[in-house]
Amino acid sequence: MPFADTSPHEDYTAAVERVAGRALGVLMDVEGTVVPAGFAPADPRLADPHDPDADLPGLRVLGSDAFAPHVLRGTPLPADQAEAAARAFSLFPPDTLGASPETAWIITWRDWATARTLTRFGLALDVPLPGDGAQVADATTWQAWSVRMAQLSSLALPGLDGPIHAAARRNADSLARGVVRAMLRRDYRTAARIARWLALLAADGVDSPLELDPLLRHVRLFGGGSTRTVLDTRIAQHVTGLEES
Amino acid sequence: MTGGLVRGDVLKTAHTIGSRALRWLQDNARFGPLPTHTVVDFNDRDSAYKPLGEIALAGSLVLREGVAGPGDLAAARALIDYAWGQFRNGDFLYERQVRHPLMTDPLETYAHFVRAGIRHERMDRLLVHLSELRSVHAIEMMPNRRLAVANASRVAGLARRPDWPALAADSWLGRTPEPWVIDWMTAYNMTHAVFHITDWGAHPELLPVEIRDYLRVWLPVWVDVWAEVAQYDLVGELLIVDACLAEPVCDAQGWQTLAAAQRPNGLLPRDADPVDEDPERAFKDHEHTAVVAVVAGTVTLARSLGTAPAATLG
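Chain order of the listed sequences is A and B.
By this note's numbering, the letter at position 103 of the first sequence is numbered 103, and the numbering carries on one by one without gaps.
By this note's numbering, the letter at position 2 of the second sequence is numbered 2, and the numbering carries on one by one without gaps.
Same shape as in the complex, but just chain A:
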C-alpha cells in the first residue's frame, strides 16, 4: 500500500527509528530478537518490504551508531547490512546532508567514525580525512561546546581515538554540565548523546561528577520514546559496563 500520508521527512525519520530499533535489538539480545516493548518501529506500514533501500537514510544518519552494537557485543555484521551501509554512503555523499559551512566538519568526523567502525568488519569506505579537530576547541562556552560534543556522540565508542576524544578527556566537567543542562531543558536526546562521552570516559577511568546509571534510566522513562535516544542510553550503559535496568 502506498503511503501517500507521509512526507519525505516522516519517511526519513521512520527509517532512522527503524534502523535504531534494529541496532537496539542487537545490543539487547545477541540474537537480535528482543526490542523492548514500545521501542519497536512505530508503524510497519512505513517500511516498504519491497523497497530494499528504504532503510538507507536511516543507516546514513545513524552512521557508526547503527553498527556499534556489533562492535560492543562482538557479533559479526551481516553482509547485507555492510553492503547497505556502503550503498547509503554512495547514495548520500556528505554534501547532500544539508550541513552548513560551520557544521560540515562535524559530518566529516562522523563519517570518519563510521568508516573506522566498518573497517573492523572488513569494509572500506572512502571518506574525507578529518582535520585536526581544532573546531571543537573553538567553542567559547561549555554550553556551546557540549552541544557540539552531542553532535559528535557517534565518535564516543571504544576503539576510536583522536583529537575529539582528547578534548573530551580534558573537559569531563563541561560534558557533565552539558548533560545536566540538557536534562533540565528536557532535551533528552542531547542529554543521552553527551552522556555517551561520559560513559566512554568512565570506561577509560576518567572521573565524572555524574552518576550515569540513574540518569540513563531517567532518560528512558522521561525521554519521549525515541528509539534513537534509547539506543544512545543503551550504548552508554554498555560502554560503562553498568547493569542494565
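The hints are simulated quantities; they were obtained by calculation from the structure and are not laboratory data.
Errors might be hidden in some of the hints.
Stated by the list, open to error - List of simulated lysine to any residue pairs, SDA-like, C-alpha gap at most 25 Å:
{"id": "1", "chain 1": "B", "residue 1": "K50", "chain 2": "B", "residue 2": "F31"}
{"id": "2", "chain 1": "B", "residue 1": "K284", "chain 2": "B", "residue 2": "N189"}
{"id": "3", "chain 1": "B", "residue 1": "K12", "chain 2": "A", "residue 2": "T140"}
{"id": "4", "chain 1": "B", "residue 1": "K50", "chain 2": "B", "residue 2": "V275"}
{"id": "5", "chain 1": "B", "residue 1": "K12", "chain 2": "A", "residue 2": "T141"}
{"id": "6", "chain 1": "B", "residue 1": "K50", "chain 2": "B", "residue 2": "D124"}
What the hints assert, rightly or not - Every beta carbon over 12 Å from chain B, so not counted as near; a handful from chain A, in silico:
{"id": "7", "residue": "P8"}
{"id": "8", "residue": "E10"}
{"id": "9", "residue": "L56"}
{"id": "10", "residue": "P93"}
{"id": "11", "residue": "D95"}
{"id": "12", "residue": "A99"}
{"id": "13", "residue": "T103"}
{"id": "14", "residue": "A115"}
{"id": "15", "residue": "D132"}
{"id": "16", "residue": "G133"}
{"id": "17", "residue": "A203"}
{"id": "18", "residue": "G241"}
Glycine included, every Cβ here is placed at the ideal spot set by N, Cα and C.
Fit chain B to the supplied structure of chain A, relying on the hints for placement.
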C-alpha cells in the same frame, strides 16, 4: 574554554545592579508600611511584614560589608531605620515573639537588625530564655529552615551552639543529589541553605567541602537554565550563592541577564511577566528581587575585594 567577560566586568555589573536596586528600594519603601494592629498572614502576598525584614537584611549586609559608596551606605542605614521604625523600634517583634514563642520569624527578622548594630533589650532576654527550651529546638521544620534559625541564633549572639555539620548534611545539598532533578522551589531552598551556613557569604569557609565541590560544578548550569527562562529573582539568588563560595565559579552571563532586565529606575523584574505600572503594586511585586539584587551585588563585590565582614561570629 573561556568564561566570557573578565572578572572586572562582572564586578562592575554587580555593583551597578546592586546600587541601582538599593536606590529603587529607598525610593519606593514608602509603599510598604506596616499597618497599625497588623495581623501577620504569611499567605497574604501583600503583607508588609516579610518585605520589611528583607529590606533590613539587604541594608544590614550593605553596612556589614562596607564596600558601598557613601550614598549607598546612607541609603542602607535609612532603610534599616525605616524598617525598625515600622516595627516600633522592635516592640512589634518582641510582642509577636511573646505571643507565639514557638514561631521563629521574630528571631529571624530581629537578627538582621542585630547585624546592623541595633538591639532590643527585652527581646534579647526573651530569646536567651527561649533558646534554653527543648521544645523550641524540637520544632519540626525543613532542614533549610532549621539552618535559617541556627544562623539567626548565631547572629543574635545566642549561646547555644547548633551542630552545623549535621544541619548541613540534612539539607538537600548535603545529600549531593542528582543535579538534574531540581525544581524551582528546591532551587530556592538550596540557595538559602548556603546563605545560612555561610551567614550570607560572610564565612565561605564554613561551607562543607563536599557541598562546595558540588556547587563548583553545578551552580553555573542552574544559572544558565533559569536565566534562559527569565527567572531573574532566582538567578539573583544563585549569584548570591556564587558569592558565598570561596572561589566564585559563574561567568558574566547571569549578571548580563540581570543587567539587561533592570529598568533605568532600578526596578529589577522578578521574571518576564509584564511589570504593573502602578508603583505601589510594582513595589509589592518586585521588592524581593530588589533585595536579592542588593545582596548579590554587595556580597559579590565584597568577596572579590577580600574584605572581612565587620561582624564576627561566635
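Checking a non-interface call: every C-beta of chain B should be farther than 12 Å from the C-beta of A/P93. Is that right? 33 Å, holds
Are all C-beta atoms of chain B more than 12 Å from that of A/G241? Nearest chain B Cβ is 21 Å from A/G241, so the label holds.
Verify that the Cβ of A/D132 lies farther than 12 Å from every Cβ atom of chain B, and report whether the claim holds or is violated. Holds, because the least Cβ-Cβ distance between A/D132 and chain B comes to about 18 Å, which exceeds 12 Å.
When you check the alpha-carbon spacing of B/K12 and A/T141, does it fall within 25 Å? Holds, because 21 Å separates the two Cα atoms, which is no more than 25 Å.
Examine each Cβ of chain B, and state whether all of them lie more than 12 Å from the Cβ of A/P8. 33 Å, holds
Agreement of B/K12 and A/T140 with the hint, judged by alpha carbon distance not exceeding 25 Å: Measuring from Cα to Cα gives roughly 22 Å; hence the hint holds.
Confirm or reject: A/D95 is not an interface residue toward chain B, with every Cβ-Cβ distance exceeding 12 Å. 31 Å, holds
Please verify that the nearest CB of chain B lies beyond 12 Å from A/E10's CB. Answer for A/E10: holds, closest chain B Cβ roughly 30 Å.
Outside-interface status for A/A99 - nearest CB in chain B farther than 12 Å: Fine: 24 Å to the nearest Cβ keeps A/A99 off the interface.
A/L56: least C-beta distance to chain B exceeds 12 Å? 36 Å, holds
Hinted pair B/K284 and B/N189, Cα distance within 25 Å: Holds. B/K284 to B/N189 sits at ~22 Å (cutoff 25 Å).
A/A115: least C-beta distance to chain B exceeds 12 Å? 29 Å, holds
Violated hints for the displayed structure: none, as all numbered hints are satisfied.
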